[in-house]
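Enquirer: Sequential numbering of the sequence shown, starting at 3, is according to this note's numbering.
Don't take each hint at face value.
[Stated by the list, open to error] Simulated pairs of lysine-lysine, DSS-like, Cα-Cα distance not exceeding 27 Å:
#1 Lys51 <-> Lys63
#2 Lys51 <-> Lys107
#3 Lys113 <-> Lys51
#4 Lys124 <-> Lys107
#5 Lys113 <-> Lys63
#6 Lys107 <-> Lys63
#7 Lys113 <-> Lys124
I should point out that these hints are in silico values taken from the structure, not numbers from a laboratory.
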Amino acid sequence: MKKIIMRDATLREGLDVAGVFFSLSQRLHIASHLSALGITEMEVVAPGKVMDDLLFARRLKSDLCGPSLSGLIYVMSPTFVDELQAASDCLDRIDLLISPSLQRKPLSVEKKWQSLAMALEKLVSCALSGKGVGFPNAFQCDFPLLEDLAMRAIAHGADRITLYDTNVCWFSENRTNRI
Numbered sequence: 003m004k005k006i007i008m009r010d011a012t013l014r015e016g017l018d019v020a021g022v023f024f025s026l027s028q029r030l031h032i033a034s035h036l037s038a039l040g041i042t043e044m045e046v047v048a049p050g051k052v053m054d055d056l057l058f059a060r061r062l063k064s065d066l067c068g069p070s071l072s073g074l075i076y077v078m079s080p081t082f083v084d085e086l087q088a089a090s091d092c093l094d095r096i097d098l099l100i101s102p103s104l105q106r107k108p109l110s111v112e113k114k115w116q117s118l119a120m121a122l123e124k125l126v127s128c129a130l131s132g133k134g135v136g137f138p139n140a141f142q143c144d145f146p147l148l149e150d151l152a153m154r155a156i157a158h159g160a161d162r163i164t165l166y167d168t169n170v171c172w173f174s175e176n177r178t179n180r181i
């Protein structure tokens, strides 16, 4: 059975837009409105600035009860272990990010899987309600490789797989029947 979860990423992605900056009070205000609308998950930690975003996540958790808080961490980050440890103390769910493309490091399927498996082992040991894996630019890679990595991740403890279509490739090929 397919289960699609829509979560709000305004407080993470909104800050990725050039010239956009939300103050702490603006971020808290946005979060309170999202909560009032019934949003059940807010993605608040961006993979490139985990430690900074965790300061906001801690504040949000103390000020607002209700929605679960989630964040993204790059598997290949040199500070992955520290970021995972800090995030697991604050977030309800963490999604590990690794590119499924063989054009991005690690460059071989086995090294990619070894990196992801090691990261999943550390993630599964954390006391979190949600443990997932995300694949950026998922529709620009070899689909059998993506499918293989996703199935391995599920077998090793991931409870959710997120396919990111940052370049709007979803409709360029008929892939809906394969997911």
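Enquirer: Now, for every hint given, state plainly whether the structure supports it.
Expert: Verification of the supplied hints:
1. Lys51 <-> Lys63: Measuring from Cα to Cα gives roughly 18 Å; hence the hint holds.
2. Lys51 <-> Lys107: holds, 20 Å
3. Lys113 <-> Lys51: Since the Cα atoms of Lys113 and Lys51 sit roughly 25 Å apart, the hinted pair holds (cutoff 27 Å).
4. Lys124 <-> Lys107: Judged against 27 Å, a Cα distance of about 20 Å means the pair holds.
5. Lys113 <-> Lys63: The given pair, whose Cα atoms are some 36 Å apart, is violated under the 27 Å limit.
6. Lys107 <-> Lys63: violated, 34 Å
7. Lys113 <-> Lys124: Given pair Lys113, Lys124 holds - Cα atoms ~17 Å apart, limit 27 Å.
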